[in-house]
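**Student:** Since the structure of chain R is already known, use the hints to place chain E on it.
Just so you know, the protein sequences line up as chains R and E, in that order.
Take 28 as the starting number for the first sequence in the numbering used here and just add one per residue.
Take 549 as the starting number for the second sequence in the numbering used here and just add one per residue.
Just to be clear, a hint being listed does not mean it is correct.
To be verified - Residues on chain R that point at chain E, a partial pick, calculated with CB under 8 Å: (1) Arg298; (2) Trp324; (3) Leu325; (4) Glu330; (5) Gly332; (6) Gly337; (7) Thr338; (8) Leu339.
Stated by the list, open to error - Reference excerpt, derived from the structure (chain E facing chain R, CB under 10 Å, subset only): (9) Glu582; (10) Ser583; (11) Gln638; (12) Arg768; (13) Ala770.
Derived by calculation from the structure, the hints in this document are not laboratory data.
Every residue gets a Cβ at the ideal spot worked out from N, C-alpha and C, and that includes glycine.
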Amino acid sequence: MADALPEAFLRAVAEGFPADFLTLEPSELEEYGRDWTRVYSPAPSAVAFPRTTDEVARLVKLCHAHRVSVVPSGGRTGLAAGAVAARGELVLSLQRMNKLGPVDLLGNTVRVQAGAVTEAVHHHCAEHGLTWPVDFASKGSSQVGGNIATNAGGVKVIRYGLTRQWVLGLQVVTAQGEVLELNGALEKNNTGVDLRQLFIGSEGTLGIITEATLKLAPLPGRQDVFLFAVPDMAGVLSLFREARRAPLILSAYEFFTDKCLERVRRHRKLRSPFDAPSSHYVLMEAESKEASEVEAWLGSLFERGLVTDGTLAQSPSQASELWALRESISESLSATGLPHKNDVSLPVAALESFCSELEAVFGARYPGWEINLFGHIGDGNLHINVMKPEDMEKAEFLAHTKAADHAMFELVSKHRGSISAEHGIGLLKKDYLSYSRSLAELELLRTLKRAMDPLNILNPGKVLDV
Amino acid sequence: MVDVPVSCRSREYPLFKEKDVKILVTAKRVEDPESKIKVKPDGSDIVREGLKYKINPFDEIGVEEGLRLVAKHGGEVVVVSIGGKEVQEQLRHALAMGAQRAVWVNHTGALDQMGVAGLLQKVVEKEKPDLVVLGKQSIDDDQNQVGQYLAEYLGWGQATFASKVESLESEQEKSKTPALQVGADGKTVQVVREVDNGLATLECQLPAVVTTDLRLNLPRYASLPGIMKAKSKPIEELTPEKLGVDVTPKVQVVKLASPPERKAGIKVPDVATLVDKLRNEAKVV
Chain R
28 MADALPEAFL RAVAEGFPAD FLTLEPSELE EYGRDWTRVY SPAPSAVAFP
78 RTTDEVARLV KLCHAHRVSV VPSGGRTGLA AGAVAARGEL VLSLQRMNKL
128 GPVDLLGNTV RVQAGAVTEA VHHHCAEHGL TWPVDFASKG SSQVGGNIAT
178 NAGGVKVIRY GLTRQWVLGL QVVTAQGEVL ELNGALEKNN TGVDLRQLFI
228 GSEGTLGIIT EATLKLAPLP GRQDVFLFAV PDMAGVLSLF REARRAPLIL
278 SAYEFFTDKC LERVRRHRKL RSPFDAPSSH YVLMEAESKE ASEVEAWLGS
328 LFERGLVTDG TLAQSPSQAS ELWALRESIS ESLSATGLPH KNDVSLPVAA
378 LESFCSELEA VFGARYPGWE INLFGHIGDG NLHINVMKPE DMEKAEFLAH
428 TKAADHAMFE LVSKHRGSIS AEHGIGLLKK DYLSYSRSLA ELELLRTLKR
478 AMDPLNILNP GKVLDV
Chain E
549 MVDVPVSCRS REYPLFKEKD VKILVTAKRV EDPESKIKVK PDGSDIVREG
599 LKYKINPFDE IGVEEGLRLV AKHGGEVVVV SIGGKEVQEQ LRHALAMGAQ
649 RAVWVNHTGA LDQMGVAGLL QKVVEKEKPD LVVLGKQSID DDQNQVGQYL
699 AEYLGWGQAT FASKVESLES EQEKSKTPAL QVGADGKTVQ VVREVDNGLA
749 TLECQLPAVV TTDLRLNLPR YASLPGIMKA KSKPIEELTP EKLGVDVTPK
799 VQVVKLASPP ERKAGIKVPD VATLVDKLRN EAKVV
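Isolated chain R, as found in the complex (with noise of 0.2 Å):
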């Protein structure tokens, strides 16, 4: 059990909060601890569960006087453990302040707090005809704050990009307790360093986003989903080149192999897309220009042998079931096994290289295992998970992991990749940060820490060591 907090300090908590503000209550610490990461136990002190921007200030200069951790917590769907509270920090939920402002339908924005669900703020804005494109399987739980804190990425990158081409203005409480308002709702400011972007992707070591204005697109016309079976890697990445210079506007394009189709079908009973079983499938969404062109660049797809089997949702049930496919995949991994992730990314040219490379790596460090690939292709984004045999230990697995994890990123990092593509740092990937970033780039960094949070109270440990 993590150590206690001071008494001072939670007599200030019971004097200048509502009663319902602090929680030491043992089944929400365990809950609150932790996110989808099951590798760490959770062990925090407390939970606090903040319902405006005032009460984060006012709490986070409490805990800068009584040099008190902070772990910033959203939906807590992050797997790099960034919101995980392994060492007695206080974690600070966004949770209660989830209120959304009124759509500008000017300038195509709209202002939450950082605890909105994401797909609450998306039929906020549906409404509206707009939307906000940022979007991942675990939309229903992630929140705002966490999206941008960690520059979430998700299925859509491939049209919109990334989290931070969705933000326009941030307030951010600082390890000081000040609240700043960060660029309002411009789309233009050319006043120097943009210092909203320090804090989008920083994993809440820097600041803590309490609001923000986020930039909205019309809603995408009719979407089509398709689902391919493709012969293997090759063809995924065949089929992609061909995509790219389709009548179409992709907006998600994605892969998985057999092996995680089966967890996912054995986790949510689902069946088999396709009568004959293939080892690569391609989930497409598109928006199709004009139909008859879509029509005869399909037929050449069969003609030319780049795909065996596919098919297209007929209505959006069987979009949702098509989707369901591969966004629970990661759910179907944690169900029914114990994975080790991996989240890299790579140019998209040398994908191909890099797999085949992969597999004799894998080869000799993994013989016989279980290694589950799948992500999103169309953004050189690659997630691999490793399962741990059934018949060994949880600490010899881990172990393992590590050391082929090195030679994994020695691999990432010859083909100019890097080792965490959307997933963040957090406490996970620490280790491995110097794969991905030059030691001058890793000393900025740890300059703009001590000078942002001087007593290294905000999320403590987590991206990297100061």
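**Tutor:** Chain E alone, transformed into the frame defined by chain R:
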């Protein structure tokens, strides 16, 4: 006579086709459950703007079962839908799944179950199928009446709620005897249906009307080649006038209303509090 090795005597794919069967399947256009359904403030209808549509899932199961029967026996699946020209989308979906051709009864006004059954009766008399397969109900108004009316109008036997025990298409499931089987002589159909205390098997003389339950099968996805082929498959257009059916509704919708909104649940810390709340607040124990 040549002795056929036992391994070749597959039940699913007999060496000799027994008899071609002609199957008429309905494909009603219904609101997709992914759309949010709202009742208009005056209660006259639901809000139609922005709604998405699909084949009634029970009908889709009927199309799938029809296709499986035809794969076994030979024959054809003809799919029928009633409505404005937009119902052609649902007909194309069924054609993309593999149905051979379609009949579209072009009618845009209100219809009640007698009107629908009356139109289907005339289509049946024209098409002369061995079997009519309908969803047991449509997911828009959940009435569960048309199949039964149709059988009565035609004077045919009916077997409602054809079902299997499991919903999963496991290997085990695939090797099980289908819930719908046409007899070797092509004169009867055997139908497994779910009843309160288990399963009952009915045998009907053909021609007959069968309605499908949710657990009969899992419909296939239309393949891309199937979707493209469907565009050139024939859709025959008929109208109530051509069929000579008076579809003036005898049943009128007076008013639609949303069910009362469910209140959010609460969490209780322990069993004692739960029992106390059940006893003193809900007064159910």
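**Student:** Decide, hint by hint, whether the structure agrees.
**Tutor:** For each hint, the structure was consulted:
Hint status for R:Arg298: holds, given a least beta-carbon distance of 4 Å to chain E, under 8 Å. With 8 Å as the threshold, the beta carbon of R:Trp324 stays out of range of chain E, its nearest partner Cβ sitting at about 11 Å, so the hint is violated. A hinted interface residue such as R:Leu325 counts as satisfied when its beta carbon comes closer than 8 Å to some beta carbon of chain E; here the least separation is about 6 Å, so the hint holds. A distance limit of 8 Å between C-beta atoms decides the matter here; for R:Glu330 the minimum to chain E is near 11 Å, and the interface restraint is violated.
Look at R:Gly332: its Cβ only gets to about 13 Å from chain E, farther than 8 Å, so that hint breaks. Residue-level restraint check for R:Gly337 holds (minimum Cβ-Cβ distance to chain E is 4 Å; threshold 8 Å). Interface hint at R:Thr338: satisfied, since its Cβ lies 4 Å from the closest Cβ of chain E, which is below the 8 Å cut-off. For R:Leu339, the interface hint holds, since its Cβ comes within 8 Å of a Cβ in chain E; the closest pair sits about 6 Å apart.
About 4 Å separates the beta-carbon of E:Glu582 from the nearest beta-carbon of chain R, less than 10 Å, and the hint is met. A cut of 10 Å between beta carbons decides the hint on E:Ser583: the least distance to chain R is about 7 Å, and the hint holds. For the restraint placing E:Gln638 at the interface with chain R, the shortest Cβ-Cβ distance is roughly 9 Å, inside the 10 Å limit, so the hint holds. Taking 10 Å as the C-beta cut-off, the interface hint given for E:Arg768 holds, the closest approach to chain R being about 8 Å.
Annotation: interface hint on E:Ala770 holds; nearest CB of chain R at approximately 6 Å, less than 10 Å.
When held up to the earlier numbered hints, the structure conflicts with 2, 4 and 5 and fits the remainder.
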